Structure formats: C-alpha cells, structure tokens
Amino acid sequence: MSENVRDAGFDDLLDAIEADEGFYLRCANGHGSLPPRRACPHCGDQHLTEEPLAESGEIETYTVINITTPEFEEDTPYVTAIVDFGPVRLTGQVRGIDPDDVSTGLVVGPSIEQTATMGERLVVFRPR
Amino acid sequence: MTTVRVAGVGLTPFGEQPERTARDLFAEAGLAAIDDAGVDSGDIEALFYGNFMGEMAEHQGHQGPLMAEAVGLDVPATRYEAACASSGVAMRQAVRTLRNGEADVLLVGGAERMNNLGTAGATEALAIAADDLYEVRAGMTFPGAYALMARAYFDEFGGTREDLAHIAVKNHENALPNEYAQFRKAISVDQALTAPMIASPLGLFDACPITDGASAVVLASEDYAKNHDIEATVAVTGTGQGGDKMALQDRGDLATSPAADKAAKQAYEDADISAKDVDVAEVHDCFTIAEVLAIESLGFFERGEGISAARDGKTTRDGTLPVNLSGGLKAKGHPVGATGTAQIAEMTKLLRGDHARSDAIPGADVGVCHNAGGTVGSAVVHVLEVVE
Ligand SMILES: [Zn+2]
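In order, the protein sequences belong to chains Y and V.
So in my numbering, spot 111 of the first sequence is number 111, and the numbers just go up one at a time.
So in my numbering, spot 127 of the second sequence is number 127, and the numbers just go up one at a time.
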C-alpha cells in the first residue's frame, strides 16, 4: 500500500499494459495466469513463461457498482467487469461507454488509467 | 472415534449495536452456550474462535485469548480466519479435535463488530476478502463480486431478478418469529424489485445487512455427555471443507461454487448420507444469488434449477426442503465471523424442536449447514443429525 514500494510482478504487468505490451504467464501445460507467480495455480508447474496478452477480449460478466468503498467514492457509479482474453481473464473497470450500454460479449481493450478518488492506477477496459 | 454432540448453543441478538465491543458480544453468546449446555465451564478445554475484520473494526488482533478471558476461561484459544466462513472453519477444527480424542469439551464460536465502521468502512473491510491486487484495486466490492456471479449465472442458466426477489421474500418471512434476527419485517417481491441498486443486478434487498453479533456452541464427546448427564440429542455427523482460486477471474466457471461442491461431498461421505436424506438446511445467503449457488452445490437441485426453487415453493417453509428457516444471513443478519456457528446454533435448535420455526419441520432429523468465505474461495459444510 505504500506509495514508494512497488508490488513486483503486478506493477510490472500494469507498466507493460501501459506500454501496449501486456503479457500473461503460461505453464508447460498451457494454463494461463497473472503475476506474481512462482507456480501455475491450476497444475503447480513451475516453468512459467511470459506470453503476449491479446490486444482485446470479451466482457464475460460485469456490474454497475453504486455503493463502494471510500477509495472509489468519487468514481461511482462505475462498471467493474471480468474480461476473457483466452488463456487468462482480467478484472477492471469499463470506461468510454455509457454504463447502460455495457453488455456481455462486448469487445474491449485494456489500458492503465487512474481512479478519480485517489489517483491510483487501475486496469481500465475501453470498447475496441 | 467419538460422536461429537452439540451440548449447547448461544447467540446474541443480531443487528446494529455499534457501541458494543466484540469481546462483550462474544461473552454474551459464549456464556449463553455454556449455560444452555449445562456443563461446568472448568471442563472446557479450548476455544476455537472465528473473526474476520477485527483489525479494521477494533484495531484488535490476537483475539483468541481475549475472547477466552471474556467468557472466564483459562484455556488455549485460537482465532480462525476464512472471511465469512471464519467460525465455520473453527467449528470444523473443533469437531476434528474431539474426534481425535484430544479433548472432551470445547467451546467454538465467533463474533464480529461491523456497524461502528459505517457503510463505506464496512464495505471496505469486506472487500479485502477478495484479491487485493486484481480485484480490490479494480474497485470490486463484496456485493460487486456476487453481482458478477449473478450475471454469469443468468447468462449460463437463465433466471431473473424476480426469481432472486422470491428468495429475499422467503427469508424475511422466515425471520419473523426469530428473536435473534436483525430484520423481522416481511417484504414483497415488488419492494425487492424496486429497491435501489447496490451493484447491478443486485439491489438493496438482495443483500444481507451489516450486522454486529456473536454466536457460540459447546461441543462434547459422547462419553462426556453420557457421564455428566448432558442432554445432547443433536450430533455433528459430517464435516467437509473445500477451496477454490481466490480471484473470480482465475475460476473455471463463474456461475457455480466448486469449493462448496467439494465441501458438501466430503461432509455427506463423512456422515454417510446423500443430499436426498436432508430435511432442512441453513445456507450462506449473503446475497440472494449465493443461496442459489449453495443449494445447487449441496445437491438439492440440478445446475440451473436452484434459481426458481424459492419461487416454486420448494425451499419455503411449507416446501419439500425448507432453506434458511432462521431468516438466513439475508434477514437474520451476517456478523461475518459469527455466521458459521450461528448456523450451527439455529440448526441445533431447529432439530431439537425449540426453535421458533421448528414446527415447519416436524420429525426432521437431518440438517445441513453451509458456510462460505469470500466469493466461495472457502466453503465449509456440516451435517447435524438427531441421535437421541
Ligand atoms: Zn498449469
């Protein structure tokens, strides 16, 4: 939570998405996962390689959040979605579209933006 | 292996009691359980205690010894934390300890103080049951997470907000005579459907309230109960626990709860029963959709059929399998760390025949309690049976 200390792996992934070089981790058995990982959460394999994350994915499920935590108070209402990128899914907020128009199956691309309340980095999906 | 008996149970009223400390809440429930059991408190050998947000709510860690002290016990005491399944896992560890022959009498319970945090503070404290990096930082809340599962369920199996509303209506109705319940007020389907949205498709009446409260259970070995003339007609005959990936994004499927599937299978095998033997259930309905996932995982309904069970009258008080006769988390309240053993307390009373809703299940002798942690990253199931 400290402003000066990075979360290794996770912040690296956010940097990479910001540079349009998003990645995921792939084990020898083809399972996808996200960093930081030393072992595949699906099979325990320890041979993980970085593979490019697809440029876009489909919204698998979403919700418009009206009641939230103090850290997101000024962001409300916002859309939180789980987006399917094939080997991995990623959770983030959907922006650039009216919340009422969001639907499952909508094709979106990932970016890194800031929260309105705290100015913290977060994963954002915008329609592609 | 001894048969584990429920010797006594105790609850505080559930509700808004922001000024009461967790130690005071637990003392009330714990002493009530000891009194109900009729055991000499000097015979209690350890405390297994569940709590989730003590650090955030009261700036209090290391609650085990504090809570033993609160009920006047000088025994080893350990806090178990598994989000909303905290006292469910405490219960499971106590059952296993008794079965191992390592003790004859144990106190199990849990407490949670939540309302002193306010709505935003409690929402924040609950959110940390999710993955901080990948879910909390994306603004996912606890209701938000269940909303994601509700939409996934609707997409995969069908179902509507109206189906969910019937679950809320049922559980509010069940809570009416429960003196420990937070909400003793009937609601209508229409009221549920027109209530403000918290996280679409879940509205205010799809969610459990923020609750302060505590619960406790005294467990005893069969020999102890016999030798001390303790009347304990209900036994814990099965226990099971399952786990799953922490973040929803890492789960295989968002419309089911595999951790509960595993916990149920294990508990049924342990008790040597099957789903069709169950007469009554208390399940973890922190949100209406959670009750749907629970009753499917417990094998009472096929996938996709749990959504209409309340609407069709199958899980209502006069249905074939009454679910959440206590009012459930939805209406009874959900002091998270206290919920698992509160379900055990309610079920024990239902089966003993001294619960306000016992008349709904005359002759029932098999009950199941299902307690879920977070978005069912943890699940604990217990089977309780009348054994005389
Ligand atoms: Zn793998």
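FYI, nobody ran anything at the bench for these hints, they're computed from the structure.
Among these hints, one or two may not hold up.
The list that follows gives simulated cross-link-like pairs (lysine to any residue, SDA-like), each with its CA atoms no further than 25 Å apart [claimed, not checked]:
#, chain 1, residue 1, chain 2, residue 2
1, V, K245, Y, G119
2, V, K245, Y, N4
3, V, K245, Y, D11
4, V, K314, V, D250
5, V, K245, Y, R128
6, V, K245, Y, T49
7, V, K245, Y, P36
8, V, K185, V, G118
9, V, K262, Y, A39
10, V, K262, Y, H42
11, V, K265, Y, P41
12, V, K245, Y, D101
13, V, K245, Y, G32
14, V, K245, Y, H47
Since we're looking at a predicted model, the values are computed, not measured.
Verification of the supplied hints:
Taken as a hint, the K245/V and G119/Y pair is broken in the structure, with Cα atoms around 29 Å apart against an allowance of 25 Å. Of the supplied pair hints, the one linking K245/V and N4/Y is violated, its CA atoms being roughly 29 Å apart against a limit of 25 Å. Proximity of K245/V to D11/Y is assessed by CA-CA distance (about 21 Å); at most 25 Å being required, the pair is judged to hold. A distance of roughly 33 Å separates the Cα atoms of K314/V and D250/V; the hinted pair therefore is violated under the 25 Å criterion.
Distance restraint check for K245/V and R128/Y: the Cα-Cα separation of roughly 29 Å exceeds the 25 Å cut-off, and the hinted pair is therefore not satisfied. At roughly 21 Å between alpha-carbon atoms, K245/V and T49/Y fall within 25 Å of each other, so this suggested pair holds. Under the criterion of a C-alpha separation no larger than 25 Å, the hint pairing K245/V with P36/Y is consistent with the structure, at around 15 Å. Distance restraint check for K185/V and G118/V: the Cα-Cα separation of roughly 23 Å lies within the 25 Å cut-off, and the hinted pair is therefore satisfied.
For the hint pairing K262/V with A39/Y, the CA-to-CA distance comes to about 23 Å; that is within 25 Å, so the pair holds. Taken as a hint, the K262/V and H42/Y pair is honoured in the structure, with Cα atoms around 16 Å apart against an allowance of 25 Å. Of the supplied pair hints, the one linking K265/V and P41/Y holds, its CA atoms being roughly 23 Å apart against a limit of 25 Å. Under the criterion of a C-alpha separation no larger than 25 Å, the hint pairing K245/V with D101/Y is inconsistent with the structure, at around 30 Å.
For the hint linking K245/V to G32/Y, the alpha-carbon distance of about 13 Å falls within 25 Å, and the restraint holds. For the hint pairing K245/V with H47/Y, the CA-to-CA distance comes to about 20 Å; that is within 25 Å, so the pair holds.
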